[in-house]
Structures are given as C-alpha cells and as structure tokens.
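Student: Working from the sequences, and respecting the hints, build out all of it.
Protein chains in written order, with full-length UniProt numbering: chain F, 1 to 324; chain Z, 1 to 415; chain A, 1 to 285.
Since the hints were derived computationally from the structure, they do not count as laboratory data.
Misleading hints may appear alongside valid ones.
[As the list claims (entries may be wrong)] Just a sample of chain Z residues kept apart from chain A, beta carbon distances all over 12 Å, derived:
id, residue
1, V40
2, S42
3, V70
4, D94
5, T205
6, G218
7, P261
8, E266
9, E284
10, N324
11, D327
12, R336
13, P341
14, E393
[What the hints assert, rightly or not] Partial list, derived from the structure: chain Z residues whose beta carbon lies under 7 Å from chain F:
id, residue
15, T38
16, V83
17, G104
18, G105
19, Y174
20, S175
21, D369
22, G370
The beta-carbon is built from N, C-alpha and C at its ideal position, and this holds for glycine as well.
Below, each chain spelled out in residue letters.
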Amino acid sequence: MKRDHLIILGIVAALVAWPLLMGNYAVSQANRAMIYALAALSFSLLAGRLGWFSLCQTTFAGISGYTIAILGVRYGLPFPLVVTLALLFTAVSAVIFGLLTVRSRQVSFLMLTLALGQMVWALSFQWVDVTGGYNGIAGVRMPAYGGLNLNDTRVFYILVATVTVAIFLAVWRLYRSPFGLLLLGIQENEQRMRALGHPVYLARFTAFVLAGMIGGVAGVFLVYDMGIMSPSPLGLGHAVWVLTAAVLGGYRTLLGPALGVAVLIALETLVSQYTDRHMMVIGLVLLLSILLMPRGLAEVFEQYFKRKSKPQASVTTTTRGEEP
Amino acid sequence: MKHAKTLIISGMSALAVGSAAHLQADDGLRVGVIGPTTGVFSFFGEQQRMGVELAMEELADRLEALDLEVRFYDSQGDAETTVDRLRAMESRDDVDLVVGPVLGGTGLAGLEWAKGSGMPMVISYSAPEDITMRDRAENVVRAGWTGAQPMFAFGQYVAEELGHQRIIAVGQDYSFPYNQLGGFLKGFCAAGGESVERIWHPTGTSDYSSILATLPDGDAVLYNGAGSDGLAFFQQYHDFGIDARMPLLGGSNFFAVGDLPEMGEEAIGGLSALQYAEGLETDEFVAFRDAFWDMHGDDVMPLAPAEHGYVAFKMAVNAFESANGGDRDALIAALRETEMPDAPRGPFYLDEYGNPVQNIYINEVQEVDGRLVNVPIKTYEEVSQFGPFDPEEYLAGEPDSRDFPPGDCSDPYYD
Amino acid sequence: MNTFYFLTLNGLTMAALLFIMASGLTLAFGLMRVVNLAHGAFYLLGGYIGVQVIRDTGSLTLGILAGGLAALAGGLLMERFLLQRVRGMDLSEALLTIAVGLIIADALLVVYGGQPVSLPLPRELRAPVDLGVMMYPYFRVLIMIFAVLLGIALWLVMTYTRIGAAIRAGVDDRETAMAQGINVPLLFGGVFAVASFLAGIAGVVGTSYMSLTQGLDVRVLMLSLVVIIIGGMGSLKGAAVGALITGMVSSFATGYLPQFALFFLFLPMTLILVFRPQGLFGRTA
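Tutor: Written as structure tokens, this is what we have:
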C-alpha cells in the first residue's frame with residue numbers, strides 16, 4: 001500500500017479508537033483539538049502555499065460563531081438555516097477582507113490581518129446590543145434529531161471528526177491540484193507566474209476566501225462546543241495560539257497543523273497542572289520552533305521515518321515537503 | 001543533530017503519555033476552585049484563591065474528617081478556558097463541587113456548562129443577575145451578589161440623604177454597569193430623584209478627556225466601572241478640575257481598595273455601595289481580616305472577591321457535612337438552605353433563587369491606620385437581589401439594558 | 001466653542017503620545033523591514049520599570065530614562081541573540097518578535113501583578129494650567145511639547161547628519177548602501193536600539209494617563225500600527241501625520257459618539273487600505 005494511504009488509514013483508525021478507549025474529558029479535548037486543527041489548517045493554507053501569515057483566521061471562526069449565536073439564540077432560527085447563514089456570512093467577510101489585503105506583500109499582510117482581526121474583536125465586545133459584549137451570548141445548543149442529542153460529547157465528536165477529515169482530504173486534493181501548484185508557484189516567483197499569464201491576484205484572493213471558509217467551519221463547531229459565544233476567541237491570543245500550533249507542527253505540510261495543535265494542547269494541559277504561565281509557554285514554544293525547527297515537527301518526523309525506510313523516489317514529494 | 005531529532009520524538013511521546021494520565025481518582029471528596037489567576041483580571045482570581053486558602057486552613061480538621069481535597073484551576077478570564085477546565089474537573093479529576101467562577105462572562109459560561117452537567121456550583125463573585133434569576137439552575141447557587149443588589153440602596157441614599165436630584169452616569173458599555181445603574185435608578189427615582197443622564201463608553205477607554213469635555217451639568221457624577229478604566233476616569237476627572245463642579249460617586253467596584261493607593265488622597269470622601277467593606281469593625285470581620293493578614297501578609301487587603309471565595313468554600317464544606325458525603329442531590333439541597341450568620345461581611349442567607357440576602361453598606365473612603373479603606377457609614381439590612389421589589393414582579397419586568405430603565409424619573413414606569 | 005477647543009487639545013495630546021509611540025516602530029520597519037510586534041511589550045516594560053524607578057527615586061526624568069533604557073536593553077538583546085539568527089527571513093523575524101512580546105508581557109505580569117499601575121506625578125504637573133481659553137493639565141501640555149521636540153530632533157538627525165543620511169540610504173536601497181561602505185548591520189542594530197528606546201520612553205510618558213495593565217501591550221501595538229499604516233511604513237512624516245489624524249478623529253469621536261469611538265479610530269486606516277495601501281507617505285512596492 002502506498003505510504004500516504006497507510007497514514008490516512010492510521011489516522012482514521014486512531015480517530016475511531018479514541019472515543020472507544022478514552023474518558024469523556026479526553027474526548028472533549030479531542031473535539032477542541034479538531035476544531036483548532038481546522039483553524040490551523042486555514043492558517044497553513046495561506047502560510048504554506050502562499051507564504052502569507054494571517055492573524056485573522058480565528059476572526060472568521062469568530063464571525064461564524066457570532067452569527068450562529070445571534071441568529072440561533074436571539075432570533076431562534078432553526079439549526080440548518082443558522083449554520084448555512086453563518087458560513088455565508090463568513091464567506092462575505094472573507095471576500096471583503098480579501099479585497100482589502102490581496103495586493104499586500106508578506107509583512108504588510110501580517111499587519112493588515114492583525115489590524116482587521118483586532119477591529120472585529122473590538123466590535124464584538126463594544127457592540128453590546130448585538131453581541132452581548134464581554135458576557136457574550138449563552139445558550140447555544142445543537143438540536144436533538146430523532147433521539148440523537150448532538151450536544152453529547154461523543155455524538156458531537158463523530159460529527160466533528162467526519163467533517164474535519166473530509167475537509168483535510170479536500171485540502172489535500174487542492175494542494176495537489178493545478179491550483180495548489182499555482183499557489184506554490186506564486187510564492188516562489190510571482191512575477192514569473194504573472195508573465196506566464198496566470199491570474200495571480202485572483203488565485204490569491206480565492207485561496208484567502210477558501211481559507212476563511214475553513215475558519216468559518218471551525219467557528220461553527222467552536223460555538224456549539226462551548227455553548228456560549230464571547231469575544232475571546234477573536235482576540236490576538238487565540239490568533240497567535242493557532243499560528244504557534246501551525247509553526248510548531250509545520251505549516252507547509254497537510255498534517256503539520258493538526259500535529260501542532262495536538263502537541264500544543266497536550267503541552268498546555270500538562271503545564272496547566274503545575275503553573276499558570278501558559279502564555280509564556282506559548283511564547284517559548286514559538287521561539288524555539290522558529291529557531292530550531294523552522295519546518296516544524298512534521299518535517300522532523302518525516303526525516304526520522306525516511307532514515308528508517310528505504311529511500312524512494314516519489315514524484316509527489318518536492319523539496320517543500322508538500323506530501324502528508 | 002541526529003540525536004536531537006530522536007530526543008524530540010521521545011520527548012513528544014512522553015508528553016502524550018503524561019497528558020493522558022489521570023489524576024488519581026480516589027474515594028475522597030474534591031472541590032475545584034476556578035478563577036482568573038492569569039490575564040487581565042488576575043487580581044480577582046488571586047483574591048479568591050487567597051480567601052479559599054484561608055478557609056482551608058481554618059477548617060483543616062473538618063476537611064480531614066471529610067477526606068476533602070481542594071484543587072485550583074485557572075480560567076484565564078476566558079469563557080472557553082473556563083468550560084474546558086470545568087469539563088476536566090468533572091471527567092478527569094472527579095471533582096464533586098465547584099467554587100467560582102469570578103467574572104461575569106466566565107460565570108455565565110460556567111452556568112451554561114453546569115446546566116448541562118448537573119454539578120453543584122457555588123459562584124463566588126460573578127454578578128450577572130440572571131444566574132439567580134431568569135436563567136437560574138437548581139444546582140447553581142451564589143455566595144456573592146448581583147450588580148443591582150447594592151445599588152437600590154445607593155440610589156435611595158443619594159436621593160434622600162445627599163439630596164442630589166440630577167445625576168450624570170458615566171459607565172462602561174456592558175451588562176454589569178447596566179445592571180448597576182438599573183438598580184440605582186429604581187432606588188433613586190423611588191426616593192425622589194429627578195433624572196439620570198447616561199453616557200456609556202467602550203470598555204478599555206483610556207482617554208476620557210473628550211467625555212469630560214462634553215459632560216453635561218448635574219448634581220453629581222456616578223461612575224459605573226472599575227479596573228484601569230475606573231482609575232483613569234478618576235484621575236482625569238480631577239486633572240480637568242471637574243471635581244470642583246460636581247462630586248464623584250462610585251459604582252460598587254470603583255473605589256475597590258486595590259486602586260485606592262493609586263487614587264491617593266483625592267479619593268477620600270468618595271462614596272459607593274457594596275455588600276462588603278474593608279473598614280468594617282465587627283468581631284467577625286476583624287477576625288477574618290487579621291487571619292488573612294497573618295496568612296498573606298498585611299500589605300494585601302482582603303477585598304470582596306477574597307471574602308466571597310472564603311465564604312463560598314465554607315458554604316461548600318457545610319453542605320458536604322449536611323449531606324454526609326458527595327451525593328449531588330443532597331449537596332444541592334443543603335446548599336440551597338445555606339445560612340451564614342457569622343460571615344465576615346455580615347450575616348446572610350440564601351433566598352429561594354440561590355442568591356444571598358445580606359447587608360448593604362454605603363461606603364466612604366477614609367484613611368484608617370495609614371491606609372485608605374472603604375468604611376461603612378450606613379447599613380441597610382437584609383437586602384435581596386430584588387431590592388424593594390417583589391421577585392415575581394421584578395422577573396416579569398424588563399431586564400436592565402443600555403437604555404432601560406428610563407433615565408427620567410417622571411416616566412410612567414416608575415409609578 | 002469651549003468644547004471644540006477642548007476636543008482639539010485632547011486630540012493633539014493623543015496625537016503627541018501616538019507619535020512618540022509609533023516613531024520607533026516606523027523607523028525600525030522602514031530600515032530593517034522588521035515589524036517589531038513586541039513593540040507593545042517594550043512599551044509595557046519601559047512603563048513598569050520607569051514607574052518603579054520614579055517610586056524609588058522620586059525623579060521623573062530618571063524614571064523616563066530608566067524606562068527607555070530598559071526597553072533598549074530588551075530590544076538589543078532580542079536583536080543580537082534572536083533576530084540575527086533569522087536575518088533576512090522577514091516572516092520568521094516577525095514571528096520571533098511575537099514570541100518575545102508574549103514572554104515579556106507574561107513576565108511583567110508575574111513581577112508586577114494584575115492591578116493597574118499609574119504614574120506617580122508630582123502635584124504641580126497634574127495641576128491645570130491656564131491656557132487662556134480653558135484650564136488644561138500641565139503634564140499633557142508637556143507631552144505635546146515633548147513630542148514636537150522629539151519630532152524635530154528626529155527630523156534634524158535624519159536630514160542633516162551623516163547617520164541620518166546613511167539611514168535614509170539604507171531605507172531606499174540596502175544593497176547600494178552597503179556597496180558604498182555603509183555598515184548596514186551595525187546601523188540596523190543602532191536604529192533598532194533607538195526604536196526600542198523610544199517605545200520605552202513612550203511607556204513611561206503614556207502611563208501618565210493610561211495606566212499600565214495586562215492587555216495594554218496589544219492596544220499600544222494596534223494604535224501604533226494604525227498610525228503607521230495611515231502614514232506609511234518607514235516614514236517619520238507619515239508617523240506624525242498618521243498620529244495627528246488618528247488622535248483628532250479619536251478625540252472628536254469619543255466626545256460626540258462614544259459608542260462608536262473605536263470604529264472611528266479604525267476608519268481612517270481602513271480607508272487608506274482601500275484607496276492607498278502604501279499609506280500617505282509610504283513608498284509603493
């Protein structure tokens with residue numbers, strides 16, 4: 001069997017086994033991990049393929065979450081409608097943000113997404129009439145369909161896992177598609193791509209909106225998981241957390257973001273039992289990752305396993321390590 | 001370099017194993033205390049922790065008899081983290097009862113979770129009124145207060161004793177100040193006040209010069225807010241000389257002692273209202289304060305969050321003893337019956353909605369023994385979260401918001 | 001009309017503080033293409049150390065200097081030991097500054113606790129001074145004077161000294177500057193040090209009316225970014241104009257529409273992003 005398929009099988013097996021073997025808290029942690037893995041994926045799509053570091057992916061999750069909280073709790077609209085509208089509204093926001101940022105360069109992009117993200121965050125806690133301000137909006141619950149209560153941790157897990165795997169697979173195909181290769185080309189040499197006739201701005205813009213949508217999906221799950229929507233997921237701390245996870249895991253690979261999230265959550269859970277200095281831990285992790293492992297843990301694993309197995313010439317492997 | 005990679009991989013495996021390891025789940029009882037010990041509001045979380053630690057020491061014998069253990073959790077002042085910790089408490093750490101949360105937003109998140117889980121919860125300082133009103137849950141009680149609770153009396157006092165008719169209310173734009181002002185308005189208008197004009201500013205405003213520049217005229221200014229916003233407002237109020245025009249009254253947290261040293265002498269004479277005062281002279285309070293100083297040093301003044309944490313913990317221990325163990329229904333029943341006649345702040349008991357009925361003090365900032373403290377100059381006894389209102393009538397009414405209740409006391413609402 | 005003057009004066013004071021805050025950031029970015037996202041943390045560092053020194057020594061000047069030096073030390077250390085290693089990789093540099101900012105801010109929380117801290121100003125400075133039209137706190141007037149002096153000083157250095165010429169050369173064309181024999185890496189270090197120093201000074205001065213708390217570092221960073229996005233990254237003139245626009249808009253918005261104040265704060269930035277992304281005085285691509 002091809003190595004890629006083996007890895008996929010392994011992951012699916014682990015995902016299936018987890019709720020069967022582990023306690024409730026571990027399952028709820030896994031839910032959180034998957035939600036943030038989606039956020040990290042959304043970040044990595046831009047960072048890995050375009051070399052663009054965005055600090056507003058969690059903002060999209062937040063916009064999605066607030067739409068659900070406002071329409072679902074305040075206006076009592078039904079679940080399927082609320083989720084659809086949330087994703088739609090996130091898409092619109094991504095389009096707007098995309099138009100504002102499509103022509104910037106790397107570092108400007110970072111600052112712009114930081115500023116835009118902060119603007120939305122400020123709005124979320126100051127527009128009290130609509131968002132509930134600091135206290136947020138509580139009572140966000142999934143419905144029960146035919147006896148199956150979607151709020152139950154394990155049922156929720158199945159839902160989240162299915163969607164997460166589906167999205168990761170979709171992104172995998174995207175990476176290997178002509179569009180994905182185009183993005184890499186743009187990152188490498190934008191002028192050349194333009195000279196060859198490729199629609200550079202359009203490609204970037206599309207990637208940005210797609211990434212934003214993934215963030216929106218993460219937001220849907222986030223708000224239903226927490227039961228309450230507050231300004232904090234839109235804050236800079238969360239954006240930096242996602243960035244750190246992606247850098248730690250390796251944002252150039254498909255699974256890197258998921259790996260980074262898992263490790264970071266495990267690390268935080270462990271550390272929080274001994275000290276309160278979690279922010280400093282994140283800072284240190286980010287620092288060390290950049291200095292020692294710029295390509296992330298995924299790359300480290302990659303090389304470790306390469307040494308153990310026979311060297312193979314694979315057409316899908318490029319020097320950028322794009323395979324999972 | 002090769003070894004570095006192996007190290008990283010083994011390190012990670014160890015991490016994975018380590019984080020999956022459960023706390024030893026034994027038969028003993030466990031209380032989880034949650035508060036913001038990091039983040040912007042860490043001061044409140046620290047206060048709660050110190051109060052609980054004091055209670056733990058005082059009740060050491062009883063704790064041993066019950067085989068009861070305490071664990072502290074950091075909510076980071078964040079709703080998401082709060083829910084995650086609560087989940088850990090329940091599934092991983094076998095906690096039987098939760099003390100906290102402390103802040104408004106985290107309190108609401110905690111309530112939401114507790115409704116789903118059924119875990120007995122004693123909220124210490126968190127003040128959103130719906131926690132023990134419109135959104136209440138059987139298993140959640142409070143050892144603290146609601147935003148409006150001290151303010152009914154304050155409004156009355158300001159109108160009757162101070163004779164102010166027109167108040168300019170400046171405050172942070174979110175629900176706690178709305179609630180505070182709501183209570184104030186109801187008490188103020190009922191006692192003969194004329195009007196309150198509202199000016200809301202976004203939380204995190206540091207420069208009030210423009211607000212002060214456009215401040216209308218009135219008999220007094222009431223500021224609803226605290227922390228760095230409150231401190232900045234206070235200083236700028238004096239910098240621009242507005243104090244010569246109108247006295248500055250405080251919302252419940254405004255003259256919180258932690259900020260008093262920063263405010264300095266100009267704060268002396270400042271009035272506010274709360275169910276607690278560091279300047280109390282009752283035996284119970286002095287004993288509490290002295291014991292607190294013995295344990296934590298006398299440059300830390302116990303404020304309301306500390307006392308509320310202390311009392312919440314004692315309530316929990318009493319409940320465990322009544323229930324003879326950790327059975328949830330028995331615990332909840334015992335908690336709901338709580339009476340604390342000897343609490344440091346003054347006697348209180350829980351009403352049928354789970355909130356304390358307690359003394360409210362009108363506090364004045366005075367210098368005592370070289371320190372600035374809030375000293376009670378008037379006491380209103382047995383005030384409930386509904387103030388002078390009938391609970392059902394109050395609940396049937398509209399909740400406080402930016403523009404409600406009306407700022408004009410001649411509005412038909414007040415009849 | 002009184003209100004109008006008042007709001008104008010407030011706007012100018014705010015602009016002054018913003019300029020002091022943002023000047024360092026824009027210089028560092030202009031020359032080194034390093035966006036120092038630890039800028040807010042350096043502000044906090046300078047502020048806390050400055051307040052501590054003022055409390056211990058009673059001297060305002062000493063406090064301001066101490067704050068500036070603390071931030072300068074932080075900046076130098078960060079530049080020497082961390083940024084050097086990822087020199088040339090713009091994004092890694094930016095990420096490093098994020099990490100350092102997190103660590104510094106958390107460390108400050110551990111040392112100084114979560115309560116807000118304000119600047120112990122002597123009575124005479126807090127007292128209102130008669131400006132003919134109205135009474136205004138003396139220290140705010142001083143902040144404005146300080147900002148103007150700083151602006152003039154920076155402008156003089158940039159326009160009339162050799163170092164200034166070297167900096168401008170480096171900003172325009174790094175390679176050619178190096179070819180001309182200008183020691184660009186050394187210059188980098190120097191400019192970065194000065195930028196950090198300015199952030200630290202801003203920290204002490206700003207604490208006179210914005211008390212130090214957790215989360216302030218993010219706000220300061222955001223305000224500085226707004227200013228330099230409007231003004232154009234790398235331009236001192238841009239920083240001044242951006243600060244002026246932001247300060248005035250903020251002041252009038254807070255005065256007349258406090259609920260939307262933050263929106264109005266970000267509005268100029270958004271307009272610039274849409275119509276002139278490089279900022280008013282920034283260089284195109």
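Student: Each of the hints needs a verdict: does it hold here or not?
Tutor: Against the structure, the hints:
1. The Cβ of V40(Z) does not lie farther than 12 Å from every Cβ of chain A; its closest approach is about 4 Å, which violates its non-interface assignment.
2. A beta-carbon of chain A is positioned within 12 Å of the beta-carbon of S42(Z); the least distance is around 4 Å.
3. The non-interface label for V70(Z) is consistent with chain A: the shortest C-beta to C-beta separation is roughly 22 Å, beyond 12 Å.
4. At roughly 31 Å from the closest C-beta of chain A, the C-beta of D94(Z) stays outside 12 Å, upholding its exclusion from the interface.
5. Interface exclusion of T205(Z) from chain A breaks down, the closest Cβ pair being 7 Å apart, not more than 12 Å.
6. At roughly 16 Å from the closest C-beta of chain A, the C-beta of G218(Z) stays outside 12 Å, upholding its exclusion from the interface.
7. Some Cβ of chain A comes within 12 Å of the Cβ of P261(Z); the nearest lies about 9 Å off, and the non-interface call is violated.
8. Distance check on E266(Z): its Cβ comes as close as 10 Å (rounded) to a Cβ of chain A, failing to clear the 12 Å threshold; non-interface status is violated.
9. With a minimum CB-CB distance of about 27 Å to chain A, E284(Z) clears the 12 Å threshold, and the non-interface call stands.
10. Annotated as non-interface, N324(Z) keeps its C-beta farther than 12 Å from every C-beta of chain A; the closest such distance is 40 Å.
11. Taking the minimum C-beta to C-beta distance to chain A, about 38 Å, the non-interface status of D327(Z) holds against the 12 Å cut.
12. Against chain A, the non-interface label of R336(Z) holds: every CB pair exceeds 12 Å, the least being about 33 Å.
13. Non-interface status of P341(Z) relative to chain A is upheld: no Cβ of that chain comes within 12 Å, the nearest being about 33 Å off.
14. Every CB of chain A is more than 12 Å from the CB of E393(Z) (nearest about 31 Å), matching its label as outside the interface.
15. Here the hint on T38(Z) is kept, as its CB sits about 5 Å from the closest CB of chain F, short of 7 Å.
16. At its closest, the beta carbon of V83(Z) sits 5 Å from a beta carbon of chain F; the interface hint therefore holds under the 7 Å criterion.
17. Interface hint at G104(Z): satisfied, since its Cβ lies 5 Å from the closest Cβ of chain F, which is below the 7 Å cut-off.
18. Look at G105(Z): its Cβ gets to within about 5 Å of chain F, closer than 7 Å, so that hint holds up.
19. Against a cut-off of 7 Å between C-beta atoms, the interface hint on Y174(Z) holds, since the closest Cβ of chain F lies about 4 Å away.
20. Interface hint at S175(Z): satisfied, since its Cβ lies 5 Å from the closest Cβ of chain F, which is below the 7 Å cut-off.
21. For D369(Z), the interface hint is violated, the least distance from its beta-carbon to any beta-carbon of chain F being 33 Å, above 7 Å.
22. The interface hint given for G370(Z) is violated, since its Cβ lies 32 Å from the closest Cβ of chain F, which is over the 7 Å cut-off.
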